[in-house]
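Trainee: Make the full structure from the sequences, and use the hints.
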Amino acid sequence: MVDVVVNEVLVQKVAQNARLKLTEEELKKFTPQIREIILKAFNKLDEIIAEEEPSFQPIEQKNKLREDIPKKGFSQEEALENVKIDLRDLGYIKGPKVV
Amino acid sequence: MGRKESLKFFVENSKKDFSLVEENLHKIILELNASQNKKLNYIEEYDEKNVLQQLNDLKKNSSKGKLFGVPLTIKDSICVKDLETKAGSKILKGYKPLFDATVIKKAREEGAIILAKTTQDEFGFGTFSTNTEKIPKNPFDNERSCGGSSGSSAAFTAYTSRYHASIGESTGGSIACPSSFCGVTSITPTYGLVSRYGLIDYANSLDKIGSIGRNIEDVALLLNVISGEDNFDSTNIGKKFEIEEGSIQKIAIVKNFFENCSDEVKKIVLEKIDKLKEFVKIEEVELPLNSEYALSAYYIIATSEASTNLAKLSGLRYGVQGDVVGKHFDDYFSEIRSNYFSEETKRRIILGTFTRMSGFRDAYYLKALRVRTKLINEFNQQFKKYDLLLTPTMPMVPPKFSEIEKMTPLENFAMDLCTIPANLAGLPHSSCNAGFSKGLPVGLMAIAPHLQEQKLYSFGKVMELE
Numbered sequence: 001m002v003d004v005v006v007n008e009v010l011v012q013k014v015a016q017n018a019r020l021k022l023t024e025e026e027l028k029k030f031t032p033q034i035r036e037i038i039l040k041a042f043n044k045l046d047e048i049i050a051e052e053e054p055s056f057q058p059i060e061q062k063n064k065l066r067e068d069i070p071k072k073g074f075s076q077e078e079a080l081e082n083v084k085i086d087l088r089d090l091g092y093i094k095g096p097k098v099v
Numbered sequence: 001m002g003r004k005e006s007l008k009f010f011v012e013n014s015k016k017d018f019s020l021v022e023e024n025l026h027k028i029i030l031e032l033n034a035s036q037n038k039k040l041n042y043i044e045e046y047d048e049k050n051v052l053q054q055l056n057d058l059k060k061n062s063s064k065g066k067l068f069g070v071p072l073t074i075k076d077s078i079c080v081k082d083l084e085t086k087a088g089s090k091i092l093k094g095y096k097p098l099f100d101a102t103v104i105k106k107a108r109e110e111g112a113i114i115l116a117k118t119t120q121d122e123f124g125f126g127t128f129s130t131n132t133e134k135i136p137k138n139p140f141d142n143e144r145s146c147g148g149s150s151g152s153s154a155a156f157t158a159y160t161s162r163y164h165a166s167i168g169e170s171t172g173g174s175i176a177c178p179s180s181f182c183g184v185t186s187i188t189p190t191y192g193l194v195s196r197y198g199l200i201d202y203a204n205s206l207d208k209i210g211s212i213g214r215n216i217e218d219v220a221l222l223l224n225v226i227s228g229e230d231n232f233d234s235t236n237i238g239k240k241f242e243i244e245e246g247s248i249q250k251i252a253i254v255k256n257f258f259e260n261c262s263d264e265v266k267k268i269v270l271e272k273i274d275k276l277k278e279f280v281k282i283e284e285v286e287l288p289l290n291s292e293y294a295l296s297a298y299y300i301i302a303t304s305e306a307s308t309n310l311a312k313l314s315g316l317r318y319g320v321q322g323d324v325v326g327k328h329f330d331d332y333f334s335e336i337r338s339n340y341f342s343e344e345t346k347r348r349i350i351l352g353t354f355t356r357m358s359g360f361r362d363a364y365y366l367k368a369l370r371v372r373t374k375l376i377n378e379f380n381q382q383f384k385k386y387d388l389l390l391t392p393t394m395p396m397v398p399p400k401f402s403e404i405e406k407m408t409p410l411e412n413f414a415m416d417l418c419t420i421p422a423n424l425a426g427l428p429h430s431s432c433n434a435g436f437s438k439g440l441p442v443g444l445m446a447i448a449p450h451l452q453e454q455k456l457y458s459f460g461k462v463m464e465l466e
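Protein chains in written order, with the numbering used here: chain L, 1 to 99; chain Z, 1 to 466.
Because the hints were derived from the structure by calculation, they are not lab data. Just to be clear, a hint being listed does not mean it is correct.
As the list claims (entries may be wrong) - Heads up, simulated EDC-like pairs for lysine to aspartate or glutamate below, C-alpha to C-alpha not over 20 Å straight-line: (1) L/21 x Z/323; (2) Z/16 x Z/31; (3) L/28 x Z/344; (4) Z/96 x L/86.
Mentor: What follows is the structure, encoded as C-alpha cells:
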C-alpha cells in the first residue's frame, strides 16, 4: 500500500522536477484531478499481487548488434537547419547559462 | 463516401495508365481543399507544390511498386522530410525533419505519394482529438468527435471518395478508436512489427505504427509495405506482414468487456456477431484481470514513459526557441515547457514524473510492469483455445463535443477500456465497422495472438462478406 498525500505541495514539487512552472490556476485545477487519478486508478494495483517478472516490452526482444562501420551523417549545416538563426553561432548553438 | 474497388485494383490499372494516378490525385486535392474550406480540420500540414513534384517524379520513374500512385495521409507525429512535423504540439512548431521515418521511406519506395499530415491529439494524449488547436470533426456528424488520437487519419479516410489510405499510430487505442468512430477499417500490428524510427514517441514500449483504410485489403496492403526489418529501431522484430490467409477455427467474445458499453453499441456488435456465427464457431470468455487492472497499469506505464520522452523538448535545436541570453537553463527550459505544452500534456508529465520518483517507482512503475506480465499471460491462456477474441472497439458511439467537455480526465481515460488491454499486451488488433446506430458508426475489434496479423486479415474479409 502506498501512503501518499496528493496535495498542492506535492504537485508543485513534481512539476518543478519536470521543469514545469504551474500558474496558481493550474495548480488549483490539476491537484484534485491528479489526486483522483492516483488514488482511484493508480492505487488500484494495490489490490493485486504480482510477482511476475516485469514486462519492459510486451514481446520478447533480442539485442540487435551491427558492425561499427562509419557512415556519412548530416553535415554541420544540415544539423543546424532547425536552429533559430539568432541562436546559430559559427557552427555552434547558443544555449542558456548552465552555471 | 463509397468506392468499391480496392487499392490493389487501382494500382494495377495505374501501372498501365498513368492518367488514373493524375486524375485520382487531382480529385483528392480538390476534396482536401473542400474539407479545409468546411473547417473540418483534418489537415495539419499540406504542401501542394511538393505533392505535384512527387507526381512528376513518379511519372518519370520506371519502377512501379505495390502502392504506385496511391496518395497517403500521415499522422502528424510521423516524420516526413521537409514537411512541418509537430505531433499536434505548439512546442514543435516550425520543426521540419531532415529525414523520412522508415515507414515513409518504405511507402515511397513502393510508389506512394505522401499527400498531407493529419491532425491529432498533442503527442497522442487523448481519445477524441480534442487536445489540439485544430479539432477535427466526425464526417458523419460535425458536432461529434472523430476519435483519437489518430483522429484525422481515420476521418479523412472516411471523408474522401478517392483511392487513399492513411498511416496512423496507436499507444492505447489511437488507431482502433477513430476507425470505430469513422466507420473505417484498421490494423494495429504487434508491437515491433513496424519500425518506429522517425516517430515522435509517446511511450516507447507501447507505440505502434499501423494502417487505416476503407477495407481490409487496403489495410493489409499498406501494412505489408510498412512492416519489416529496420536496423534503425532496436525494438523492431525484423518480421514482415505477408498478405496471406490465417486459419480461424474458434473465436470467443470477451463478455466482461461489454459490461460498460452503451446499449446501442452492445446491440449492433452482438447482431453482427450473430451473423458471423454462420461462418465460424463463437464462444464466450472472460478476462477478469484485464478488465479490472489494464487501465491502471497502462496509464502508469504510458505516463511514466511519456514524461521521460518529453524531457527532451526544451526549446533548443528545433521547434519553438526563445531568447536564451542571460537566462539560466532551468528557467529557460521551464519557461518554454510551461508556455507551449497544453494542459493535458502537463498533467501527464506530472503523473509520469510522480510514478518514477524515488520512493514511488517500485510501487507504481515497476508494479505496473509486473501486472502487465500477468495480463499478457491471461490473454495467452485464452489464445491456447481461441484464434481471435472479439470486443466492441469503443464503449459508445462518437460523442458530441459538448459531452466531451464535461468529462473529467479520469472519465476520459476510462473511455479506452476496450482498446487498452490489447495495446498494453502488444497484441495485434483490427477494428472493422459492425454497423450503424442512428447513422453513427460502431466498430468491432478483433484481437489476435502476437504476430498473427493474418488471422485479422481473414477475419476482416469475413466481416465484409455481406
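Trainee: With reference to the structure, classify each hint as holding or not holding.
Mentor: Against the structure, the hints come out as follows:
1. L/21 x Z/323: With Cα atoms ~17 Å apart, residue 21 of chain L and residue 323 of chain Z stay inside 20 Å; holds.
2. Z/16 x Z/31: Distance ~25 Å between residue 16 of chain Z and residue 31 of chain Z Cα, so the pair is violated.
3. L/28 x Z/344: With Cα atoms ~15 Å apart, residue 28 of chain L and residue 344 of chain Z stay inside 20 Å; holds.
4. Z/96 x L/86: holds (18 Å)
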